[in-house]
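Colleague: Okay, here's what each chain looks like letter by letter:
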Amino acid sequence: MKDLVHNQRFRNGASWFVLVLILIGLVSGTFQTTKKVEYIWRWEKIPRYILFLEKGKVVAKDDAVVTALDKKVGMTTVVVSNSRGEQQYYMIPEDLVSLSVNDQIRSGQVLAQWQRWKSGLLLKGLILTLEISVLSILLGIVIGLFTGLARLSKSPAPKWLAIGYIELIRGTPLLVQIYIFYFFVGQVFRLSSFTAGVLALSVFAGAYIAEIIRAGIQSIHKGQMEAARSLGMNYPQAMQYIILPQAFKRILPPLAGQFISLIKDSSLVGVIALVELTRAGREIGTSTFNYFEVFFTVAALYLILTFSLSMMVQYLERRFAASD
Amino acid sequence: MIDIKGVYKTFYSRHKVEALVDVSLQVEKGEVVVICGPSGSGKSTLLRCLNHLETIDRGDIVIDTIHLTDSRTNINKVRAEVGMVFQSFNLFAHMTVLENVSIAQIKVRKRSRSESEKIAIQLLQKVGIPEKAKSYPSQLSGGQQQRVAIARALAMQPKIMLFDEPTSALDPEMIGEVLDVMKTLAREGMTMCCVTHEMGFAREVADRIVFMDEGRIVEIGTPEELFNDPKEDRTRAFLAQIL
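Top line first, the protein sequences correspond to chains A and B.
To convert, note that position 220 of the first sequence is 219 in numbering that gives the first Met the number 0; the numbers rise steadily by one, no gaps.
To convert, note that position 130 of the second sequence is 129 in numbering that gives the first Met the number 0; the numbers rise steadily by one, no gaps.
Keep in mind that the hints were calculated from the coordinates and are not lab data.
Each residue gets a CB set at the ideal place from its N, CA and C atoms; glycine is no exception.
Computed cross-link-like contacts, DSBU-like style, restricted to lysine-lysine with a CA-CA straight-line distance of at most 30 Å:
hint	chain 1	residue 1	chain 2	residue 2
1	B	158	B	28
2	B	158	B	106
3	A	221	B	182
4	A	153	A	248
5	A	153	B	76
6	A	153	B	15
7	A	123	A	70
8	A	158	B	15
9	A	263	A	117
10	A	221	B	109
11	A	158	B	76
12	B	117	A	248
13	A	221	A	248
14	A	221	B	158
15	B	15	A	221
16	B	76	A	221
17	B	4	A	153
18	B	106	A	158
19	B	125	A	221
20	A	44	A	56
Chain B residues, not near chain A, derived (Cβ > 10 Å throughout):
hint	residue
21	2
22	7
23	14
24	54
25	57
26	66
27	68
28	116
29	167
30	215
31	233
32	239
Chain A extracted, bound-state conformation (with noise of 0.2 Å):
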């Protein structure tokens, strides 16, 4: 018994030597390969995409007078007249103006000074990503619902719409639809890019969560269906209290699966002049040339909302598991 103890361990310590060296290969590999086509690596390029911080100075070149404030968001420009009637300009952060019409200036004088952290490129496609995510899946799961709903509808019309809107958009490329909502929807209504593309990936992301849904409710016992209307309770009703319940504890592993394509779907819309995440990357590697450690930084923080998502998604998981 103790020996077989034993064996186990040294056979699951011999494993964990393995996996370290397969990491190592793996890395050093890549360095390798990096080396051979002689890559210069400049991950020094890489955090002020993500934020850096701005340092500003504003020093008065004459002496003269404010003649007027044109306030902008986030910079208001100071307009000055000096001695000799010609204007000036001076660009300072709206929140850090302590000057007003009328107020002599004098040359050297310092009209403002900051250092400030501000988002980079990659951080703005960041959130982007997250704001177009988070809404798409929000709308997803709605028209998810009432497409399952509609496709387990016994009267032809809802279900047979449901088919056809779930095989239409299974049946076609993602990026197509995009192109449709940006080109056609989009023109038509007179749609924002964001507007257009947070539409294509939720209607996109609807017709795949109607299946899950779908399965889903099928999976739930009649009988409980039946419990439910036995006790007098409507079709609304129950479906409410009795069975979307159980079965959005069961489908939520695959609707998981769901979100985390939809976030990383979420990256075509690049192409409506969207700059999300990889859209940020693309247009950095484009003035760096340092394509290696910008995608391999943007490929991080894909897996940074991902990984997010999945942790969330095994908490409600280990919530649920209350009445197992």
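Once you have looked at the hints, place chain B on chain A.
Modeller: Using the frame of chain A, we list chain B on its own:
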């Protein structure tokens, strides 16, 4: 209380199955009727027609002066007055016992949660498991689950209770506890229709026994008549097999 007149029901699955053929039966208020017969004789179908879980092809069913076949009938109102207990319990798996017994009171009877839970606790005491109120169905034995199912049906204060083979899915040692609850109900004057193979129960509490075979009612009689002196050969053959 229940008036079944010339009811026909045919299933078309792979084969054409005539589940009910010209079935007529009256059940008085406070009466306990046990329906028995071999499997596939249509007894469960008949019971399910009584609260419209199955629709009938022909004939009429009147529950407490309401015609089930009338398209203006609000079937949910009728169902609220007719409690049903299933062979497979069908407790709501995601809810505690207490929630199982109170949910329909809250959503259908529109009672407050506190009132519903009070009634639920009383009924759980009646069926003998108040200590399981916070448990989930999966944590209960079959007999306990079926008693909760009875409490859940009773919570609606129904005028009629239907039992569809309530003990068939139970281990033998748990059958007694469920039958005891049913006997108490019968003695309290509940109108009951029970599909069951428990002939001891039938002999003890049934006012009448209905014997069905191949979708037809073969014979109706008091327990003494049916057990001691069955008139039909098929009844005799069936009773000889199960007694």
